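Taken in sequence, the protein lines are chains E and A. Residue 37 in the numbering used here sits at position 37 of the first sequence, and the numbers go up by one each step. Residue 32 in the numbering used here sits at position 32 of the second sequence, and the numbers go up by one each step.
Please note: incorrect hints may appear among the correct ones.
The list cannot tell twin chains apart, which means a pair is met if one copy fits it or any two copies do.
Pairs of lysine to aspartate or glutamate, DMTMM-like flavour, derived with a Cα cap of 25 Å [what the hints assert, rightly or not]:
| hint | residue 1 | residue 2 |
| --- | --- | --- |
| 1 | K195 | D84 |
| 2 | K195 | E32 |
| 3 | K131 | D171 |
| 4 | K131 | E32 |
| 5 | K195 | E83 |
| 6 | K195 | E40 |
| 7 | K195 | E100 |
| 8 | K195 | D152 |
| 9 | K131 | E40 |
| 10 | K195 | D76 |
| 11 | K195 | E103 |
Quick caveat, the hints were computed from the structure, so don't treat them as lab data. Quick caveat: nothing in here was measured; it's all calculated off a predicted structure.
Residue strings, one per chain:
Number of protein chains: 2
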Amino acid sequence: MSQVTCDLTVSLDGFVAGPHQTMEAPLGAGGERLHRWQFEEQDANAAEIAGILEAGAYIMGRNMFAGPGDGPWPDDWRGWWGEDPPYHAPVFVLTSHAREPLEMQGGTTFHFVTEGIESALARARDAAGGKNIAIAGGASTARQFLAAGLIDELRLHVAPIVLGGGERLLDGVGEVQLEPVEVRGTPLVSHLRYKVG
Amino acid sequence: MSQVTCDLTVSLDGFVAGPHQTMEAPLGAGGERLHRWQFEEQDANAAEIAGILEAGAYIMGRNMFAGPGDGPWPDDWRGWWGEDPPYHAPVFVLTSHAREPLEMQGGTTFHFVTEGIESALARARDAAGGKNIAIAGGASTARQFLAAGLIDELRLHVAPIVLGGGERLLDGVGEVQLEPVEVRGTPLVSHLRYKVG
């Protein structure tokens, strides 16, 4: 049975991105430092990186696919990740603008879902083939799934930096029952894994 | 040589106390759940509890000694902790209202410092006899010491709860250099220990 997981990297003050997010700086001011653990410590964090990449389907918000804003995107927008995105699985993008599926190289196909999070989850569950379903972000999408009680495991990767502003993961999420399952760290990140609900 | 340490328990969303702090509920709504790890898991958290209690001197803000507000306190206010407070060492209370030292049982003496954080730190260093100096809180006091670069080790005890509001530790603290030293957890808390500076 698929578990619904959510991996997010946050600063010690709880931000998933710094202030002043733009198309040119989608992680905001200083936000790129959040993810050093994935690039500079790949061996030490191999288990957590594998945990992100092993899902059978992904769900993401519109902004994670296309950047800040809420209008329709240009039809030739193909995501941030080039022609061979790292997902290698179906990715369901929450949006209010319908669009034909977009098949990329390496097994990634972006599907555009206009019927909301429960519909996206049902489609992802069908597509995942029993593997996990990963809520890939951004923060507001993760928050919606958390608030709806639809996440089984929240995996926070806490970078040892203070961003001082930006988008917070947990603001307004309401009551959430969390049980620590594992905690582990490296010089660039502390991994906090929680069972939810 | 004394190290300056700061142990604080925070919710997963970064609050040291819940919303609506009052004299009757100094930890705010839901805030008492932050500290379950110290009372319900004493054996599992013995090292961290000892780390808090081994200091040779403590520094705390006015509100931690006397509750919310900024006026003078009644001269007969003797803190929250009864006649034998858990510190068993000199405690320097930052305040704008001078007062004679208050000697309690068990080795705790409250000294009232009106000259600011650096003066309090100098007096605490003299009193600590080479043991650590603990910044005991609350959040705004910890933030002042952090922002001034005066803390050597920040020990965050992250409770697996979402408070949704209250007083945040790191808001407005500015740039802080943090290096994770140790991370460890129990069902009721995740301990994140950082070297600062």
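Okay, the hints, checked on the actual structure:
1. Within a single copy, K195 and D84 get their C-alpha atoms no closer than 32 Å, and across copies no closer than 40 Å, so neither meets the 25 Å cut-off.
2. In this assembly of identical chains, K195 and E32 lie within 25 Å of each other by CA distance solely across copies; the values are 22 Å between and 27 Å within a copy.
3. Taking the closest pair of Cα atoms, K131 and D171 never come within 25 Å of each other, the shortest separation being 30 Å inside a single copy and 39 Å across copies.
4. Taking the closest pair of Cα atoms, K131 and E32 never come within 25 Å of each other, the shortest separation being 29 Å inside a single copy and 39 Å across copies.
5. For the identical chains of this complex, K195 and E83 are neighbours neither inside a copy (34 Å) nor across copies (41 Å), given an alpha-carbon limit of 25 Å.
6. For the identical chains of this complex, K195 and E40 are inter-copy neighbours only, at 20 Å across copies versus 28 Å inside a copy, given an alpha-carbon limit of 25 Å.
7. With identical chains, the CA atoms of K195 and E100 are never at most 25 Å apart, being 35 Å at best within one copy and 50 Å at best between copies.
8. For a Cα distance limit of 25 Å, the shortest separation of K195 from D152 inside one copy, 6 Å, qualifies, whereas the shortest one across copies, 33 Å, does not.
9. In this homomeric assembly, K131 and E40 never come within 25 Å of each other (Cα to Cα): the closest approach is 28 Å inside a single copy and 37 Å across copies.
10. Neither within a single protomer nor between protomers do K195 and D76 lie at most 25 Å apart by alpha-carbon distance, with minima of 39 Å and 47 Å respectively.
11. Proximity of K195 to E103 under the C-alpha cut-off of 25 Å is found in neither arrangement, the shortest distances being 33 Å within a copy and 46 Å between copies.
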